[in-house]
Amino acid sequence: MSQIPTDLKYTETHEWVRIDDEGVATVGITDHAQGLLGDVVYIELPEIDSEINSEDEIGVVESVKAAADVYSPLGGTVVEINEALAGAPQLINTDPYGEGWLFRIQVDDEDELKELLDADHYAETVAAEEH
Amino acid sequence: MPFIPHTEKDIKEMLAAIGTDSIRNLFDEIPANLLAKELKNIPHGMSEMDLGRLLQTLADQNKNGLNFIGAGAYEHHIPAAVWDITSRGEFLTAYTPYQAEASQGTLQLLYEYQTMIASLCGMEVANASLYDGATALAEAVLMAARSNKNSKSHRVLMPMTVHPAYRAVVKAIAGTQNIELIELPYCTEGGHILPASLQRFADQDITALIIPQPNFFGVLEEVDALTDWAKKKNALVIAVVNPMSLALLKEPGQWGESGADIVCGEGQPLGVPLASGGPYFGFLCCKQEFVRQMPGRIVGRTVDLDGKEGFALTLQAREQHIRRAKATSNICTNQGLLVTAATIYMSLLGPEGLKRVAAMCHENTQLLVEKLTKVAGVELVFNRPYFHEAVLRFTKPVQAVLKELAHAGIQGGYALADDYPELGETLLVCATETKTAEDLDAYQKHLKECHCEERSDVEALSI
Chain G
2 MSQIPTDLKY TETHEWVRID DEGVATVGIT DHAQGLLGDV VYIELPEIDS EINSEDEIGV
62 VESVKAAADV YSPLGGTVVE INEALAGAPQ LINTDPYGEG WLFRIQVDDE DELKELLDAD
122 HYAETVAAEE H
Chain C
223 MPFIPHTEKD IKEMLAAIGT DSIRNLFDEI PANLLAKELK NIPHGMSEMD LGRLLQTLAD
283 QNKNGLNFIG AGAYEHHIPA AVWDITSRGE FLTAYTPYQA EASQGTLQLL YEYQTMIASL
343 CGMEVANASL YDGATALAEA VLMAARSNKN SKSHRVLMPM TVHPAYRAVV KAIAGTQNIE
403 LIELPYCTEG GHILPASLQR FADQDITALI IPQPNFFGVL EEVDALTDWA KKKNALVIAV
463 VNPMSLALLK EPGQWGESGA DIVCGEGQPL GVPLASGGPY FGFLCCKQEF VRQMPGRIVG
523 RTVDLDGKEG FALTLQAREQ HIRRAKATSN ICTNQGLLVT AATIYMSLLG PEGLKRVAAM
583 CHENTQLLVE KLTKVAGVEL VFNRPYFHEA VLRFTKPVQA VLKELAHAGI QGGYALADDY
643 PELGETLLVC ATETKTAEDL DAYQKHLKEC HCEERSDVEA LSI
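One line per chain: the protein sequences are G and C, in this order.
When you line the first sequence up against my numbering, it's residues 2 to 132, in that order.
When you line the second sequence up against my numbering, it's residues 223 to 685, in that order.
Wrong hints could be hidden among the right ones.
One side of the interface only, derived from the structure: several residues of chain C facing chain G at Cβ under 10 Å [to be verified]: (1) R310; (2) L314; (3) K371; (4) L537; (5) Q538; (6) R540; (7) R606.
It should be emphasised that the hints constitute simulated quantities derived from the structure, not laboratory data.
In this text, a Cβ means the ideal position worked out from N, Cα and C, and glycines have one as well.
Bound-form chain G, shown alone (with noise of 0.2 Å):
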């Protein structure tokens, strides 16, 4: 059973949300969909200072079986990529929560949170995906 903490926000494309004070978000994976994906070896961000919407594609995953896209799950400009990840990709198997976030976004419009699923209906998303 995959990890799904509580105090995060999700999407049903399996993106996972932190949201400070000052309106930036955090960005990454999630633990359920690292596992489907297998090792990471290689990952494409955004540039920072692009403006992207909710919903773009702005990146790539890509394991050892897979490429995945990494859509926004909210609206704003990119204000830091993580830089860890070029030379450690591993991060996002190994601490999908933590470490191996993928960027930070200055959030347009924090009312767009509110269309993301919490951990609860996630977790119906993923249930309802392995059957």
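Starting from the known structure of chain G, fit chain C onto it as the hints suggest.
The following block gives chain C in isolation, referenced to the frame of chain G:
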């Protein structure tokens, strides 16, 4: 596992198991009006003997003669060993032989091929081949648009000196995928792209520049200046090259200060016979930094659990069997058998042998141009250096000249008027290492005869 067809008994048992009595019933759901009945335009089968005779009769209508046509496909001597080895059952009958545990020999061969072609191009990586030179160029253009993060415009400069058929294929494949292809005119004196003419794009965002070498006219482009111009603009450089020429010319990896980024071309000159336009094979190489955007199969060398060397497909995560519609390409495959021939051809000749063949091609074409331009009414069109093809202009209509030459058993060249009407009565000629001094003399002699006749016609008219 051998292929064993179903016996009558197998079929009866299977039909009984699903509760029906004929295979035809399985297609019941297709509406009767959609079923093709007898195919009226398809003749009935023939016996092997009759078919053999028919095909021989048809083949006898070919009048091959002495071939001086190049234009993208080149007649070279292929040592007998090349196809003797390529035709071995282990190479010939293996289909999509990528299962690592069963296909080490084929995978190793593809790996050797990749190493050879990458080294010929001066690039870090190569894939295991594509359909042909034209699709390889289209894939290179798509790859450049995906790879160049500095450019959002997806505008690609494509010189008119690129093979006309390649340009048509690039337009058909890449032109429909949000890529704007901008044609570059050529210098009418040199038959090449003038680097200075690119200045009009100085303020524009350009994603990539295609550089053909040699170009379709056989002319050598100013590759260093063009590459450096593109690099300054953050545009990627796509080289489309004749692999045979690389035995003599600077490899694209060494062009300018930083080299080409992607190199592609037609592999036919390396051991593949001329055969009504194909099958041939395309090659695609690039710098390591772009490898994840490279379509097609890539074979890698690795070690097994016991530490022994082995070969396996690698970097497959973006291929069509995994990424479907989002794959790097959905039309690519590798031309394994032709690549096998090319690998054996390159192994037999070695770098020295390739260099000798390329040098002989160049020398023969120079001799041919020298001889033909001695004929009154024939002149060399471009003043730049060329590899093994050159453009000649005639005072007499080219089609009439070609027809007369064909009567004498000479395929005189490729007429350029359809693709380049502005060049007038011009012919692209090529003399590879397969042509002897006598062959060149024969061409000159028959051309003289064509032109002498013409002059007497003119005199007759003017009286």
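>> Please check whether R606 (chain C) passes as an interface residue: C-beta within 10 Å of a C-beta belonging to chain G.
In response: violated, 42 Å
> Against chain G, is K371 (chain C) within 10 Å by beta-carbon distance?
Replying inline: With a closest approach of 7 Å, the K371 (chain C) hint holds.
> Is the interface hint for Q538 (chain C) satisfied, with its Cβ closer than 10 Å to some Cβ of chain G?
Replying inline: holds, 8 Å
>> Restraint: L537 (chain C) near chain G, CB-CB cut 10 Å. Satisfied or not?
In response: holds, 9 Å
> Taking the least C-beta to C-beta distance, is R540 (chain C) closer than 10 Å to chain G?
Replying inline: holds, 5 Å
>> Restraint: L314 (chain C) near chain G, CB-CB cut 10 Å. Satisfied or not?
In response: Cβ of L314 (chain C) sits 31 Å from chain G, so the hint is violated.
> At a threshold of 10 Å, is the proposed contact between R310 (chain C) and chain G supported by beta-carbon distances?
Replying inline: Hint violated; R310 (chain C) Cβ to chain G Cβ min 33 Å, cut 10 Å.
In the structure shown, a violation is registered for the earlier hints numbered 1, 2 and 7, in ascending order.
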